[in-house]
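K.L.:
So the protein lines, in turn, are chains A, B, C and D. The opening position of the first sequence corresponds to residue 1 in this note's numbering, with each subsequent residue numbered one higher. The opening position of the second sequence corresponds to residue 1 in this note's numbering, with each subsequent residue numbered one higher. The opening position of the third sequence corresponds to residue 1 in this note's numbering, with each subsequent residue numbered one higher. The opening position of the fourth sequence corresponds to residue 1 in this note's numbering, with each subsequent residue numbered one higher.
No lab work stands behind these hints: they were computed from the structure. Errors might be hidden in some of the hints.
Said to hold, decoys possible - Each computed BS3-like pair below joins lysine-lysine, with the alpha-carbon atoms no more than 30 Å apart: (1) D:Lys-267 - A:Lys-39; (2) C:Lys-267 - C:Lys-278; (3) D:Lys-278 - A:Lys-33; (4) C:Lys-267 - D:Lys-180; (5) C:Lys-331 - B:Lys-322; (6) A:Lys-110 - C:Lys-267; (7) C:Lys-240 - A:Lys-110; (8) C:Lys-278 - C:Lys-291; (9) C:Lys-72 - C:Lys-240; (10) A:Lys-39 - D:Lys-278; (11) C:Lys-180 - C:Lys-72; (12) D:Lys-331 - B:Lys-110; (13) A:Lys-33 - D:Lys-152; (14) A:Lys-202 - A:Lys-224; (15) C:Lys-331 - C:Lys-317; (16) A:Lys-202 - A:Lys-180; (17) A:Lys-196 - A:Lys-322; (18) B:Lys-33 - D:Lys-149; (19) D:Lys-240 - D:Lys-152; (20) A:Lys-33 - A:Lys-180; (21) A:Lys-39 - C:Lys-149; (22) D:Lys-180 - B:Lys-39; (23) B:Lys-110 - D:Lys-278.
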Amino acid sequence: MAELTYRDAVARGIAQEMARDPDVVFLGEDIAKAGGVFKATVGLYEQFGPLRVRDTPISEQAILGAAMGAAMTGLKPIAEIMFSDFFAVCFDYIANEFAKSRYMSNGQLKCPLVVRTGNGAGSRFGAQHSQSVENWCMMIPGLKVVAPSNPRDVIGLLAAAVRDPDPVIFFEHKSLYPTKGEVPDGEIVDALGSAKIVRPGKDATLLALALMVPRALAAAETLKSEHGIDCEVVDVRSLVPLDTQTILGSVARTHRLFTVEENPRLCGWGAEIVSIVADEAFYDLDGPPVRITTPHIPLPAADILEDIALPTVERIAERVRKAMQS
Amino acid sequence: MAELTYRDAVARGIAQEMARDPDVVFLGEDIAKAGGVFKATVGLYEQFGPLRVRDTPISEQAILGAAMGAAMTGLKPIAEIMFSDFFAVCFDYIANEFAKSRYMSNGQLKCPLVVRTGNGAGSRFGAQHSQSVENWCMMIPGLKVVAPSNPRDVIGLLAAAVRDPDPVIFFEHKSLYPTKGEVPDGEIVDALGSAKIVRPGKDATLLALALMVPRALAAAETLKSEHGIDCEVVDVRSLVPLDTQTILGSVARTHRLFTVEENPRLCGWGAEIVSIVADEAFYDLDGPPVRITTPHIPLPAADILEDIALPTVERIAERVRKAMQS
Amino acid sequence: MAKVEDRAPAAAAGLNDDIGEATRLRLYRIQVEIREAEQRAFDLFLQNLVKGTSHLSLGQEAVAAGFAAAMKPGDLSFCTYRGHAHTLARGVPIEKVLGELMQRDNGLMRGKGGSMHLTSAEHGVMGSYAIVGAHLPIACGAAWRAQYKGAKDVAVCFFGDGTTNIGAFHEALNFAAVWKLPVIFVCENNLYMEYTPIGDVTAVQHPAADRAAAYGLPRIVVDGNDADAVYRAAGAAYAKARDGGGPSLVECMTYRHSGHSRADPAKYRPEGELEKWKARDPIKLYRERLKQFGIADNVIAAIDADVRRRVDDATEKCKTAPMPPRDILTKDVYADGGFAWRN
Amino acid sequence: MAKVEDRAPAAAAGLNDDIGEATRLRLYRIQVEIREAEQRAFDLFLQNLVKGTSHLSLGQEAVAAGFAAAMKPGDLSFCTYRGHAHTLARGVPIEKVLGELMQRDNGLMRGKGGSMHLTSAEHGVMGSYAIVGAHLPIACGAAWRAQYKGAKDVAVCFFGDGTTNIGAFHEALNFAAVWKLPVIFVCENNLYMEYTPIGDVTAVQHPAADRAAAYGLPRIVVDGNDADAVYRAAGAAYAKARDGGGPSLVECMTYRHSGHSRADPAKYRPEGELEKWKARDPIKLYRERLKQFGIADNVIAAIDADVRRRVDDATEKCKTAPMPPRDILTKDVYADGGFAWRN
Ligand SMILES: Cc1ncc(C[n+]2csc(CCOP(=O)(O)OP(=O)(O)O)c2C)c(N)n1
Ligand SMILES: Cc1ncc(C[n+]2csc(CCOP(=O)(O)OP(=O)(O)O)c2C)c(N)n1
Ligand SMILES: [Mg+2]
Ligand SMILES: [Mg+2]
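Can you build the whole structure from these sequences, using the hints too?
P.N.:
Here it is as structure tokens:
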């Protein structure tokens with residue numbers, strides 16, 4: 001057991017997999033010699049050398065295209081796209097190429113690759129460097145999509161992603177990089193597709209992802225201590241595959257559902273889950289399922305504005321309280 | 001009144017607006033001299049000349065970037081992206097640039113442009129030329145998103161889109177191009193953001209868009225004649241702005257909701273609407289809201305497979321019947 | 001038309017046969033097979049047996065033949081929607097190609113990919129891509145694997161003139177050059193993008209070759225209707241790639257005899273242009289070439305007959321092949337064989 | 001370093017003043033203003049009064065000054081996240097720039113855009129863009145409008161060396177060249193992308209200039225630390241654009257004195273590199289130039305003092321300016337002033 005930052009967990013996770021399998025290679029902008037602009041890949045270049053850890057030009061299409069071609073032919077590439085907002089300049093690979101090539105080829109082509117990216121708000125970077133874009137990927141058939149909320153899960157899910165035979169989009173939350181958590185020694189490998197009940201509760205289910213997990217937990221504490229509302233908090237962890245069993249199981253016990261989403265409202269992951277629960281667990285629900293999201297706006301840069309755009313602990317608690325007490 | 005194809009309605013709609021306003025310009029691949037690969041823009045080059053109707057290189061980023069720059073500085077460009085699948089190669093403009101520039105500039109910059117595109121399945125083109133990607137745009141704050149189901153609406157909504165001061169994504173359904181409909185003479189201009197009840201009914205609300213509208217209507221006929229289930233069919237028409245009044249009003253009357261979506265399942269527009277209805281009209285609902293979608297797969301090319309991938313009239317009718325009779 | 005740096009008469013003049021009879025016959029056979037199979041595909045359209053779209057390479061056969069004949073078995077091809085020619089040239093059975101065009105169960109991908117996505121991994125055809133430019137970076141990745149593994153195979157990426165104006169072209173070329181990847185970018189300049197002449201939308205005369213210098217690469221323009229010229233250029237590029245010399249960008253001047261795709265009658269072409277190019281039909285030219293090198297008429301005729309018979313056989317097999325079963329609709333989205341996105 | 005085609009001593013030797021005193025003083029003043037305002041921004045970081053990121057142009061001032069001084073009022077600038085310099089150079093008040101960096105209500109966009117998105121439409125600063133390469137096509141569109149309307153204004157687009165390797169660069173250059181648009185692409189080659197030397201990831205020595213030919217454009221490399229050289233190159237490019245001669249691509253060789261952004265201590269630079277470039281500090285060079293042309297020390301000192309006073313004033317105003325009100329969070333998503341996506 002050691003205390004590790006989320007940032008350092010990224011490097012440890014990559015190192016764990018690169019040490020295990022010589023076919024794991026890693027490419028991206030400024031990731032090698034400089035150790036990454038978020039310092040999340042420090043030491044990998046030194047440990048695994050210039051053939052396995054490679055700096056690229058500012059060419060996101062080339063990065064993902066090259067990762068795909070390498071994956072198709074036998075390597076297990078990890079590609080970094082520095083900010084998830086930049087998925088927009090290489091979205092063809094994500095949406096049309098590696099997501100679809102296995103299907104189109106009737107199973108002839110494989111794409112075992114991982115795209116890691118810095119996602120989410122909180123750094124006061126403004127509208128083009130702060131987005132939460134998990135839904136950009138969740139909506140594309142053929143991808144797997146994960147978003148860890150803590151250092152241990154960073155390593156476990158990254159290992160699972162690297163070992164997975166399908167393309168996996170791995171969302172690291174920029175605002176979590178400096179956060180710390182206990183991490184067991186030795187190899188850590190999770191399975192994709194399992195949610196975690198991080199706080200059991202009986203009155204309502206709060207689903208959260210990444211940065212919203214600690215906030216949902218804090219809101220649950222407030223709700224319990226101030227209003228006697230006992231919330232179960234589920235860290236969704238993996239959007240695809242989606243652990244609907246855990247989610248539906250929780251709702252069956254609590255009878256109320258709240259999603260806590262960092263993404264702007266429309267077509268967020270919470271909408272999908274609400275539609276599943278509303279269809280399959282309609283008669284379990286004692287009241288309307290409620291989505292707590294960032295409003296449907298681009299993100300502002302100013303701290304004072306950014307702080308009120310995302311769901312805050314107060315807003316989450318207040319919204320749940322209002323719904324539960326009405 | 002004249003009978004017109006959906007295809008010809010596109011050209012008439014563009015011509016109506018270009019004749020009205022000399023600042024309306026039109027650019028895209030093969031749209032000018034050749035009249036477009038779907039023949040939807042035939043005659044415009046001849047009518048409005050080479051300065052207003054311009055062929056471009058295969059450079060989708062340049063097309064949308066140029067449209068944006070022109071819109072910011074005073075023109076009202078219409079840009080064609082041949083197939084909506086190609087949004088993936090120019091997604092930065094859609095997701096990060098023209099959707100956000102007004103907000104980021106605190107209202108200093110405007111982007112009154114229209115992106116027209118051929119969307120949807122049915123042509124046996126395979127996974128990279130058949131997608132329904134309205135949700136790729138609906139999820140981006142700052143855009144408006146429309147998808148007409150018939151020739152009259154093509155003209156009315158296109159005119160509204162061109163006159164709108166915000167960027168509008170205009171989805172034309174490729175399989176609807178040859179379909180015909182009655183179109184009034186003279187200028188046609190709709191308002192964005194209004195859904196249409198295209199078949200009143202009292203037992204259930206079916207929400208549909210574009211190609212799914214005629215299918216939902218046909219299913220409603222079957223349901224009525226064979227099972228006595230009287231469905232209200234709503235043509236959503238505009239995803240952003242979304243006419244939640246009409247939708248919630250319909251559900252308040254019928255107490256049941258079905259969405260008929262061509263998009264692959266996850267994070268489709270139907271998920272968003274179900275989440276709105278589940279939250280705001282929970283106690284109006286007499287049973288679970290149900291989404292009828294294309295399964296969450298890339299699309300196959302073969303006719304025999306493509307035909308069963310999309311929601312068919314039979315599948316829609318059967319799913320509604322099952323839900324209503326359970 | 002463009003200046004062309006390598007012309008048949010030069011070789012024929014001295015009858016200096018650097019290519020050899022076996023290879024010449026192979027080059028001829030590949031071209032004829034593409035021609036016959038694609039003409040058959042066109043006939044099958046007319047009978048409504050080919051669904052969806054289809055992009056033929058009639059008139060461009062020499063490019064496919066020249067590059068394929070110079071390839072080694074482990075080399076990897078990356079094609080576009082206009083990829084039937086390159087797929088056949090790698091030895092993929094005609095039946096499997098026509099079957100895919102006819103969307104039958106015997107097709108290369110059992111109808112799931114369709115005409116624009118021909119793939120035969122066992123023959124080194126690593127996919128056909130229908131988003132213009134997308135496969136150039138992908139080919140880089142395959143070449144990167146070869147470089148990393150110390151393998152000697154080469155990735156070859158075919159695309160059209162119009163593709164040179166999209167961003168992915170630029171990114172791939174720079175990336176390949178900087179990493180010195182064993183990849184060959186083959187631009188088949190057939191003078192048109194979809195319906196628009198490439199000259200109307202491109203800032204330079206040779207859309208690929210005139211940009212080679214932007215990536216530190218030499219300028220190469222080849223007569224794409226002369227299979228020998230293509231074969232030689234291909235051989236040089238393969239050798240360079242295998243020697244660690246990095247990528248090549250080869251522009252082959254050619255012409256498509258039919259429209260861009262099935263839907264296109266190609267009315268935008270100036271009068272006489274097609275005829276001019278048909279006078280330089282690659283197969284006609286190559287038949288003359290063979291004769292110049294003393295190949296007997298009956299040898300040529302035997303190849304023609306054999307190819308025709310095989311195309312006929314394949315056609316019959318496809319016509320009677322079953323349609324794909326419905327249950328493959330949701331198969332092979334993920335590696336577990338299914339499409340489950342939830343538990 | 002690169003060969004540089006235009007050097008100060010040449011002009012100074014004959015004292016042939018093609019630029020004139022008024023313009024020279026303006027060039028100096030702009031450079032000093034950028035220098036002082038950016039140094040102040042850096043001080044404000046250290047006081048934790050500037051939030052988020054920030055990308056300074058310290059050392060690159062001559063590029064912004066040269067292009068801005070040669071501009072006409074209606075010309076339009078398109079900048080990157082490293083856009084403070086170009087914004088100030090167009091006459092945007094220092095207070096509004098620093099206010100935005102400090103995320104105050106008096107900022108250019110009231111804190112909604114932040115340091116990377118400075119915009120002042122009334123000064124012709126049509127946005128600063130933080131996705132590498134995105135604004136090159138956008139600048140083409142502004143130039144298209146000018147061409148279409150018969151207006152004589154020019155769109156000027158500033159970007160870095162690293163930007164030349166992304167797809168949008170290629171698409172914009174070809175598009176501008178084919179449409180003969182009045183747009184100028186200005187590459188500020190400061191030798192680094194973010195932390196990686198541009199030479200490590202680019203196939204040619206001059207990432208912009210060595211690619212001009214790929215778009216039928218002449219090769220132009222300018223000493224980007226010499227405001228006169230930049231001013232002359234800018235003037236030629238504006239004249240060409242206004243005359244209907246189409247786009248230009250100008251590569252300015254320069255260097256940033258600080259790290260890529262606030263977070264970067266720039267440890268990746270080889271020893272001595274910074275010192276070498278500081279010896280050619282554009283402001284130091286230009287002060288010498290003014291003296292060569294007989295400008296008195298007290299004139300220079302007066303400019304320096306005036307600029308410093310204005311930066312001080314602006315700083316004070318920003319420090320006491322209120323934070324933006326919360327209700328602007330959801331304003332101006334759409335043209336109706338709000339963010340309503342439903343009725
Ligand atoms: C990104 C993208 N844009 C547009 C298209 C539509 N399209 C398909 S083929 C084609 C023309 C390609 O021209 P070229 O590269 O010369 O190849 P050719 O078809 O002549 O072989 C176009 C525009 C596409 N498939 N992908
Ligand atoms: C598409 C995209 N990729 C990567 C980045 C991250 N990034 C921001 S600035 C930068 C370096 C740009 O280098 P250059 O063009 O030389 O400009 P400079 O910062 O040196 O002025 C990078 C990689 C980005 N903003 N956008
Ligand atoms: Mg072509
Ligand atoms: Mg730079």
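K.L.:
Are the hints correct? Go through all of them and say.
P.N.:
Results for each hint:
no., hint, in the structure
1, D:Lys-267 - A:Lys-39, "holds (13 Å)"
2, C:Lys-267 - C:Lys-278, "holds (16 Å)"
3, D:Lys-278 - A:Lys-33, "holds (25 Å)"
4, C:Lys-267 - D:Lys-180, "holds (28 Å)"
5, C:Lys-331 - B:Lys-322, "holds (26 Å)"
6, A:Lys-110 - C:Lys-267, "violated (41 Å)"
7, C:Lys-240 - A:Lys-110, "holds (29 Å)"
8, C:Lys-278 - C:Lys-291, "holds (19 Å)"
9, C:Lys-72 - C:Lys-240, "holds (14 Å)"
10, A:Lys-39 - D:Lys-278, "holds (28 Å)"
11, C:Lys-180 - C:Lys-72, "holds (20 Å)"
12, D:Lys-331 - B:Lys-110, "holds (14 Å)"
13, A:Lys-33 - D:Lys-152, "violated (47 Å)"
14, A:Lys-202 - A:Lys-224, "holds (11 Å)"
15, C:Lys-331 - C:Lys-317, "holds (25 Å)"
16, A:Lys-202 - A:Lys-180, "holds (29 Å)"
17, A:Lys-196 - A:Lys-322, "holds (26 Å)"
18, B:Lys-33 - D:Lys-149, "holds (22 Å)"
19, D:Lys-240 - D:Lys-152, "holds (11 Å)"
20, A:Lys-33 - A:Lys-180, "holds (25 Å)"
21, A:Lys-39 - C:Lys-149, "holds (29 Å)"
22, D:Lys-180 - B:Lys-39, "holds (28 Å)"
23, B:Lys-110 - D:Lys-278, "violated (41 Å)"
The structure is inconsistent with the numbered hints 6, 13, 23, although it conforms to all the rest.
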